[in-house]
Structure formats: structure tokens, C-alpha cells
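All letters in the sequence shown, in the order written, are residues 1 to 282 by the working numbering.
You may find that some hints are simply not true.
Stated by the list, open to error - Lysine to aspartate or glutamate pairs mimicking EDC-like chemistry, simulated, CA-CA at most 16 Å apart:
1. Lys174 to Glu124
2. Lys166 to Asp224
3. Lys117 to Glu167
4. Lys72 to Asp45
5. Lys117 to Glu159
6. Lys219 to Glu170
7. Lys219 to Glu159
8. Lys72 to Glu57
9. Lys174 to Glu96
10. Lys117 to Glu177
11. Lys125 to Glu64
12. Lys218 to Glu159
13. Lys219 to Glu169
14. Lys117 to Glu170
15. Lys166 to Glu89
16. Lys218 to Glu177
17. Lys218 to Glu169
18. Lys174 to Asp112
19. Lys69 to Asp85
20. Lys174 to Glu226
21. Lys174 to Glu237
Claimed, not checked - Per label pair, the in silico range of CB-to-CB distance:
22. Met91 to Asp112: 50 to 58 Å
23. Met100 to Lys72: 50 to 58 Å
24. Phe20 to Val40: 37 to 45 Å
Because the hints were derived from the structure by calculation, they are not lab data. For each residue, glycine too, the CB sits at the ideal point set by N, CA and C.
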Amino acid sequence: MPGNSQTVMIACVSPSDRDFMETLNTLKYANRARNIKNRVTINQDKSSRTITLLRQEIQQLQLELQEYKQGKRVVGEDGVESVNDMFHENMMLQTEINKMRTRVKAMQETIDALSSKNSQLLAEKATVGWITSGGNKLDCDKVDKLVLGCSGSDNDVTELIQGYLKEIEELRAKLLESESTCQQLRKVASRPTNRSSNTGQFELSLSSSAVSVIEEAKKELNRDREAVSRILAQEREKRDGAEEGESDGEDRDLEPLVWCVTGSPLSHASLSLVLGHFSLLY
């Protein structure tokens, strides 16, 4: 009967008159058994109950103490507790910071997409300018051939130019960011402060790290330019029997394209070498 179990009672009755009293007693007993209700109580003595209540009170007091340390609650001069307005302000500022971080992340993704698109447009502009601009125009057949070749998926030169333009844009962005960080650190270091020597060493290390980042970005930019020069030198070795007289008028048309990649003008031989690469492709 007691506990979590379920009890089933089967009452046997008889319609006979001589078994009337037995049937009546059986039904009364079954009715009393059905009306039995169990009340579950914790098997716990008074001392254990007191210990549990004290532990709960200790946890509550620890939470209140933590709120006082965090500044969420303050006690006035009259001893009345109140919620600190600074806590609510900090919560609002934290929420605003989280929103700004999300917004900055979205803007950074947009900037990356626009930078990639800008590099692609610069490559296309340089390629079209090399074909159509300049004092000496190319033949119509050759122009059509170059345009069709540049629009194809296997144009190695256009892809190479686009890759270098994208990498140069990324290095310029890193360089600007590093210079901005370095300027901010210099401003902080120039302010008169009473910080300890450890803090001064920390700021000096930050400034040194920023300068090292700037130097590394400059070295990467120089390596990219040297890579372009090496590619042009390799193409010059492959092109042994090219006629230099036929490429005089075309070199001036190719100059804006190479200027866009390297950032500096190249010699007549280097320009002839790149033009020879186009001739081998088409």
C-alpha cells in the first residue's frame, strides 16, 4: 500500500442471501482501502534540516556580497539598500559594445569584398588600357585576339596581375593599420604619467612590436616587387628569338600595366619581355 508502488485489490462477493454479511464486510474493507492516501515526507531529522537551511542562507549571503563587490547594490547614508545606476549604465554600454563589434565585423567583410572587387577592376582596367591606349595602336585583328584572350579563363597574365594587385592592397592596408597603431602608442608614451617601470617596459615592447610589424609589411611589399622582376627575367630567358623592332610601339602600351603591378617603370627590355609572353600565349 505505501510507497511508490500501485496496489490492486480484488473483492469477491456473492449474490446469495446467506453470504450477505460476508459480502457487506468485503465491500466495506475494499472501500476503506481505496480511500487510503499516502503523504510522502523526507526522512530527515531536525539537525539535518537546520544544516540545509543554513547552507541555503550562506549561498544567498554570498550572492549579495558578490553584488556589493560588483557595485550592483549600494547602501545609502540612511542604511537603505538601492541598486547602483552605474551598474545599469555599464550593462547598457556592454550591450552597445557588442552591437558595435557585430557592426564592425560586418563592415570588415564588406571592405574585404570591395577590396577584392577593386583589385579585379584595376587588373581589367590595366589590361584594357594596355590594349587600347598609347601612341601606336595595335592592329584590329591583334586587338580582337587579345581581348578574346583576356576574357578567357586561361589568361595567366591577367590572373597574375590580379593576384599581385590584391596582395599589394592587403599589404597597404596592413601598413596603414600598423602606422596608425604606432602613432597611438607614441601619443600614449609621450603623455606624462607616474606609472611604474614595468608599465614603461610594457609600452616600449608594444611600440617595438608595432614598428616590427611595419618593417615586416614593407619587406613583404619589396619581396612582391622582386618576384615580379624575377618573373620578367625568366620570361626574357625563354624568349630568345624575339624581334626587338616589332615591339617598340607595343612597349609604350604595356607600360601602364606593368606600372600598376610593380609601382615603378621598367626598362625597355623588360617591357619587351612581357609583350613576348602575350605573343607566345596568342
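The hints, checked one at a time:
| no. | hint | verdict |
| --- | --- | --- |
| 1 | Lys174 to Glu124 | violated, 24 Å |
| 2 | Lys166 to Asp224 | holds, 11 Å |
| 3 | Lys117 to Glu167 | holds, 13 Å |
| 4 | Lys72 to Asp45 | violated, 38 Å |
| 5 | Lys117 to Glu159 | holds, 13 Å |
| 6 | Lys219 to Glu170 | holds, 14 Å |
| 7 | Lys219 to Glu159 | violated, 23 Å |
| 8 | Lys72 to Glu57 | violated, 20 Å |
| 9 | Lys174 to Glu96 | violated, 27 Å |
| 10 | Lys117 to Glu177 | violated, 21 Å |
| 11 | Lys125 to Glu64 | violated, 67 Å |
| 12 | Lys218 to Glu159 | violated, 23 Å |
| 13 | Lys219 to Glu169 | holds, 15 Å |
| 14 | Lys117 to Glu170 | holds, 13 Å |
| 15 | Lys166 to Glu89 | violated, 43 Å |
| 16 | Lys218 to Glu177 | holds, 13 Å |
| 17 | Lys218 to Glu169 | holds, 13 Å |
| 18 | Lys174 to Asp112 | holds, 13 Å |
| 19 | Lys69 to Asp85 | holds, 15 Å |
| 20 | Lys174 to Glu226 | violated, 19 Å |
| 21 | Lys174 to Glu237 | violated, 35 Å |
| 22 | Met91 to Asp112: 50 to 58 Å | violated, 32 Å |
| 23 | Met100 to Lys72: 50 to 58 Å | violated, 24 Å |
| 24 | Phe20 to Val40: 37 to 45 Å | holds, 39 Å |
Consistency with the previously given hints fails for numbers 1, 4, 7, 8, 9, 10, 11, 12, 15, 20, 21, 22, 23, ordered from lowest to highest.
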